[in-house]
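Engineer: Kindly produce the complete structure, drawing on both the sequences and the hints.
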Amino acid sequence: MTTFEVDGKTLTAKPDENLLQACLGAGLDLPYFCWHPALDSVGACRQCAVKQYDGPDDQTGRMVMACMTPVPEGARFSIADPEVVAFRASVIEWLMVNHPHDCPVCEEGGECHLQDMTVMTGHTYRRYRFTKRTHRNQDLGPFIKHEMNRCIACYRCSRFYRDYAGGRDFDVFAAHDHVYFGRHADGALESEFSGNLIEICPTGVFTDKTFSAHYVRKWDMRGAPSICAHCGLGCNTIANARADRLRRIVNRYNGAVNTYFLCDRGRFGYGFVNQPDRLRAAMGRGDDGSLAAIDRDDAIARLAALLRAGGTVIGIGSPRASLESNHVLRQLVGDRNFYPGVSAGEARLLRLVADILGSGAVHVPSLREMETADTVLVLGSDLPNAAPRAALSIRQASRGAGIARAAAVKIPVWQDTGVRNHAGDTRSPVFIATPASTRLDDIAQRALRAAPDDIARLGFAVAARIDPAAPDVPDITEDLAAAAREIAEALLAAPNPLVVSGVESGEESIIRAAANIAAALRARGKTPALLLNVPECNSLGLALMTAGEASVETALARRASLVIVIENDLDRRAPAAAIEAGLAAARLVVLDHSDSPTTRRADLVLPAASFAEAEGTLVSAEGRAQRFYPPIIAEGGIAESWRWLVAAARAAGLDACEGLTTIEAIAAALAAAMPRFAGLPAVAPPADFRVVGSRIASETRRYSGRTAIDAGRSVHEPMPPVPADSPFSATMEGHHGTIPPALRPVFWAPGWNSVQSLNRFQAEIDGPLKGGDPGVRLLEARPDATLRYDATIPAAFSPRLDEWRAVLLPRVFNDDEQAGRAPAIRDRAAPPALVLNAADAASLGVAAGQPVSCAIGDAREDLAVEIDPALPRGVVGLAGLAQTAHAVPAWLRLRPAEPKVS
Amino acid sequence: MAMVDRPLTSYIQPGRQPLDIAGYERAGGYAAMRKAFGMSPERVVEEVKRAKVRGRGGAGFPAGRKWEGVQHGEDAPRHRYLIINADEMEPGSFKDRLLLEAAPHLMIEGIIIGAFAVQAETAYIFVRGEYVLAMERLSRAVAEAEARGYLGADILGSGFSLTIHVHGSGGRYICGEASALFSALEGKRAVPRTRPPRSTTSGLWGKPTVVNNVETLCCVPSIIERGADWFLGLSRSATEGGTKLYGVSGRVKRPGLWELPVGTPLNEIIEEHAGGMREGYEARAVLPGGASTAFIMRETFDVPMDFDSVGKIGSWLGTANILVLDQRRCPVGLLRNIEHFFAQESCGWCTPCRDGLPWVERILAALEAGEGAADDIELLAHHVDFLGPGRTFCDLAPGAMAPLRSGLKFFREEFERHVSEGRCPWHDTAEGWA
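As you go down the protein sequences, you meet chains L and X in turn.
All residue numbers for the first sequence refer to the working numbering, where the first residue is -13 and numbers rise by one.
All residue numbers for the second sequence refer to the working numbering, where the first residue is 204 and numbers rise by one.
Hint data in this document are derived by calculation from the structure and do not stem from the laboratory.
Hints are supplied without guarantee of correctness; some may be wrong.
[Said to hold, decoys possible] Simulated DEER-style distance windows between Cβ atoms:
1. X/Asp278 x L/Arg432: 45 to 51 Å
2. L/Ser784 x X/Gly355: 47 to 53 Å
3. X/Asp278 x L/Thr(-11): 32 to 38 Å
4. X/Arg501 x L/Asp44: 47 to 53 Å
5. L/His722 x X/Gly625: 33 to 39 Å
[Said to hold, decoys possible] Result set (BS3-like, lysine-lysine): computed pairs, CA atoms no more than 25 Å apart in a straight line:
6. L/Lys195 x L/Lys131
7. X/Lys410 x X/Lys391
8. X/Lys391 x L/Lys396
9. X/Lys410 x L/Lys396
C-beta: ideal position from N, C-alpha, C; glycine also.
Structural biologist: So this is what it looks like as C-alpha cells:
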C-alpha cells in the first residue's frame, strides 16, 4: 500500500492503481467518462483532471488526469483546487456543446452517468450558442437502439466491443467533432456481447430496444437479484419488473463471476416471461379430451387424487428448475422414481462431469479466475456459442503475456493503449480444438479442426505428454503428436493452466481426455483449473443431486402409471416414439411456465413460475450455488413447482413433503440429505431476514404512479400482496441501506444513479463486493483427492463412404429453450443448417444454401447447407438444432433435396 | 555562399531534375555513409550530438540526445525502427518538400547514417499524401540505392542491414504527430499515444523507434563528412549548429525558401532574402514557424531565428517557415482560417480539442460576420487557457491556441472593434482585402 494525500486527507492506494481508482476506492467523488474498471485508462475525456504537487513546498501544482497518473508514495493531489474544478466543469460544457436537451424523453434519464457527472461538476449554463451537429442513427438489430446525437465520444463502446470482446463489426468512424460510433452499414450487431454497450455507454447512445418496447423509468421498477437462466454459467443479474411484466435484465456485478458483462442471450432472453404462450391458469383434460382451464383448488385436488390412486408414480425433474423444486419432486415420488429430465446422452455426459468435478481432485475456476489463466486449452467446446461469458474470460486471459511484456518496460497495467500497443500480437497461449471454427479462434495460438474422436485423441495425447504415466494414444499421427507436444509444453510452462471442455462437445471421450490432462498436470505438481461446461442453468445442480445415468428415456421405460414432469419439455429430451410409448398407459401431469409439446400431451397442466416469479437456488458450472428472487410477485394461478407439489401432497394426505414449506426448509433438507449440499443454507440470508425489523424494500424510494397505472379500473391504491416468506417487502417501504450482496435489488448511491455506482459497493475498485461476492462454491478441490486416468481412447476418426458423422454445433441464439421463446432472440437465431466441408458438399453436389435431406432421430428434415471450410471431411455439423441433441451423436445419410417451390 | 556552406541545398539545382545516384555520388554523395560505417554507432551519435542539431520538424528536441535514448547493447530489444516524418502539413510550411523532391539521395544517405547510429533495421519515410512527386522520386532513389547495395543486407560489408519503405500518408494533420504516426502506420486510427512509454522504448509495433524530421536527417551526412566543428561553424547561433531552410510567405516581394545560417535575424530574412514587403503593404507581425506558433510583433523583428532566441520572446521557431501578416489583412480573419484548419484536423480523441476547437472557430467566424457577442473574447480566452499544454491529450490544441493566445494579446483592440462595431473593420474598406 502507498500513502498519498488529497486535499489534506491522507489516503492509501494499491501500488498498481491509478489515482482515479484510488480516489474512487476511497469514496471520493471524482467525475470520469472514458475510464472503466474493466477497460482501464486511456486519458481521452479529460474529465478526471486534478492538481498534482511536486513535493511539500509546491503551491502551484500542475493539472494531470487522475486516470493516467500513478500514485507514488507521499504524492500530493487536490480535487478541490479552483482551477481543476473549473476545468472539469468546462469539460462537461464541451460535451454539452452537441449533446441534445432530451433528458426528459431519453431512456437513459435517471440512470445516466453523464447526468450524474454533470451534476457533480456543477456545470449548469451552457454558453455555446451555435448549431449542434447531428448524426443519422443506425438500425443495429433487435437488441440495441442507437441515438448518436447523444454521444460524448468517450470511446468506451468501441474499446469494449473491439478490444475487450473481440467484435469486428463496430468501430469509430470519421474524425474531429464528427466521430461516429457504429457499424459500416445498418445491421444487427454481430457480437454476442453487444448488449453490454447499453451499460458501457455513459449516456443514452445505446439503449435496450426490448426494454424500450415497454419502457418505464428505473425508479418505477421493482428489482430483484436474479441468476441468468439461459446457460450453465450462473451470471448474476438484476431483473426489473413493473405491473407483472418483466421489463429488462441488467448485469448484477459479482466480482467472482460475471463482473460487468452479460451475453446477449442472458440479457435479452427474458422476453419469454411476457409471452402469450405463458401458462397462467391450471388446465385439466375434460371429458371431450381437450385441455381446459380449471381453478387452483380443482387442480390441486386432481393431482392429489392421481397421487392417491396408487400405481407407479415417477417424477421427471429439470435442469432448468431450481434445486428446491427438483428436491421436492424427488421427495414426493421417492428417490428411485425420480429422473433428472435430460436425454440419455446428456445424462451420461453430466454424470461424468459431476463425478470428475465431484472427485475433489480438480479445481473448478470461477469466470474471474479464468481471466488470470496463463495457458488455456479448449477441448471440443464452441464457447462463444455455448457459454459466451466463459469465452469472454478466456479472451481476457489471452492478454496476460502482452500485459507482462508491457510491464517489463514499466507500462502500468491500467494504461490500456500503452499496454495494447506494446503487447501487439503477444498473447498467452490459447489452444482450441473443435470440429468447426469458433469466434474465439482469433486469439488462438493454434485452432485445430478435427472430428470428435480425434479431439479426444488429441486430449489423451496431451495428457500422456504431460505425464508419461497417463495412457498414450495408439497409432497417433505425427501432426497430432506434434500438436499434443506443443500444448503439453505450454500447459506445463504455465503457472496457472486452464482446461475447458463441456457437455456441448457431445463426447464422453473428450471430457475424459480433459480430465486426464487435469490429472496429469496435478501429477506434475501443478494446480490446474478445469471448467466442464454444462448446458442449462441447473444442469450441474441436478447432476450433483442424482446418481447413475437416469434420463428421460429410462424414465419412460418404466411405463409408469403417473408421470409428473416439472419445467421440462420431453420432446427436447427423447425421440417422439419413445415418449409416446412411455406415456401410452400413463397419466401425465406437467408443471411448466409456457406451452410446449409436453404440456399439450398432459392430462393436467399446472402453471409453474418462471424465474421471474420464483425464488430458488441454481448451481452453475463453477459449482456455485446461487439464489434468485422474484421481481414479479406471482398472482393468480402461477406458483413455484414445489409449492404445487407440496400442496398436492398435503391434499393427498402424503407426508413425503412434510415441512418443506419454505425455500430455506427445502434447502436445509437437501443439505441434510446430501453432504455435497451442506453449504446451501449459507447461499443467501433466510426469508425472515430483517434489518431492524424491516424487510428490504423491493421498490425504490422514488417509485411513482402506483395508482395511475391501474387508474382505468380504480384510483384506489390496493396494498400489493406481501410475499409470506421473503426478505423483500412488496413496496418502497422497508430497508434501503446496507444490504447483504445476495439480496441487493439495485445498485444506487447518492449522486451515482447509473451502473457506475458500483464503485460504492466494491470492497476495492474492480474487486469483490463489500460483504463478499454472493454464492457458495460446492466443489472445492481437496489435496488428498485423486483422479484416476481413463484409458478408453477412441480409434482415429475415419470418414465413411455414404454417411456423415453428425456433431451438434451450438448456436447462441438458437439453443436455449427458454430464451428461444423471446422475440428478440428469435430474431437473431440462425436458420437451422447442415454444415459441411466444401469438398463434402461438392461430392454431394450441393452448394451453400441448397437443401439437403436427412433423418435426425425419427424426424426427416430438409435443411440448407452451410459451408465451413475448416470442418473435417466426413463430419456434418447440425447448427441451430439443439432440440435434436437427444439423437446425436449419430451417423447420417444425406442426399440433395428438391428445392421447395414456393 | 559556397557549396560547402550549404549542406542542405548544395545538391539542388533549381529547375532541374534531382541528381540520380551517379550524379549524387559524383558530387560527393554517399561518402559520409562510407565514413560512418568506419565509425562506431556511438561515435556517430556523439558527433551529431556535438553538432547541436535540433529537431527541424518544429519541436526542436536535440537530435543526438534523441538517438542516445535508444537502448544499445546485446540484450537491447530488437527490431528497431527509424521513421522519417515527412508528413509536412503545418500550414505555411514547405521546406521538407524541397528536400524530398530535389535531393532524395541526400535524404536516403541521412537515413542510412541515422539508422546505423540507432541500429535500426527498418526505416519508413512517412510522406504527406499530397506529395506525390516526392514519393515518386524517393521510391526511385530507394531503388537506385538498393541496386548499388547501399540498402539491403550487410551494406558494403559493414554488417549493417537496412530496408527503407516509402509510405504515403492517408492525409490528416494528426498523422504528423509522432505517436499518431505509429497508429497510422500500423493501420489503426491516427490517434496519438500516451507518453510514457517513450517511443524509443515502445514505438511502432511496440518496438524501439526513433522519429526524425526530413531536414534533421538531411543535416547528418555533412556532419559526419566534415565534422561537428565545421557544422557548428556554419551557424550564427551559440546554441545550435548548421544552416536551416527558412521560408517566407505573405505579401513580400519574393516569397520563397532559403538555406541560411541558423540564427539569421528575422528582419534580415524578410528584407534581404524575401525582398521586403510589396508596395503598399507593411508587415505588422509574423507567425515564425507555421500556424501553431505565436505572433512576433514588429518590435522584435530583430530576433535571431533559432529555437532559444525565438522561445525567449514568447514564440517558437517551429518549422521556421514564416507567415507575414500585413496591415491590410484582418488578424481575426487570419486566426479564423487557422482555427478552422485545426478544428477540422482534430482527431476527435480528447474532449477539449474535439469540442473546444469547433467552438473557437465558430466564435471567430461570428466575429468576422459581425455577429460577435459581448462575452466572446472572454470565451476565447477561456479556451486559450483550457486548451493549453497539459490539458489536452497531445500538442495539437495547445499549438492551435498559440497564435490565438498571442493574437488576443497583441490584437485585443481589433477583436473588441469586431464586437463593438458589429462588423469586421477590414471588410469593405480601402485598406482591406486588396
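Engineer: Within 47 to 53 Å or not, the Cβ separation of L/Ser784 and X/Gly355?
Structural biologist: Holds, since L/Ser784 and X/Gly355 (Cβ atoms, about 51 Å apart) stay within the stated range.
Engineer: Below or equal to 25 Å on CA atoms is what counts here, so check X/Lys410 against L/Lys396.
Structural biologist: holds, 14 Å
Engineer: Within 47 to 53 Å or not, the Cβ separation of X/Arg501 and L/Asp44?
Structural biologist: violated, 39 Å
Engineer: Regarding the pair X/Lys391 and L/Lys396, is the alpha-carbon distance no greater than 25 Å?
Structural biologist: holds, 24 Å
Engineer: For the hint 32 to 38 Å, verify it against the beta carbon of X/Asp278 and that of L/Thr(-11).
Structural biologist: holds, 36 Å
Engineer: Honestly, do L/His722 and X/Gly625 meet the 33 to 39 Å range at C-beta?
Structural biologist: Because 58 Å falls outside the window, the suggested range is violated.
Engineer: Take the C-alpha atoms of L/Lys195 and L/Lys131, compute the straight-line distance between them, and say whether it is at most 25 Å.
Structural biologist: holds, 5 Å
Engineer: When you take the CB atoms of X/Asp278 and L/Arg432, is the distance between them in 45 to 51 Å?
Structural biologist: Violated, at about 30 Å.
Engineer: What's the verdict on X/Lys410 and X/Lys391, does the C-alpha distance respect the 25 Å limit or exceed it?
Structural biologist: holds, 16 Å
In this structure, the hints that do not hold are numbers 1, 4, 5, in rising order.
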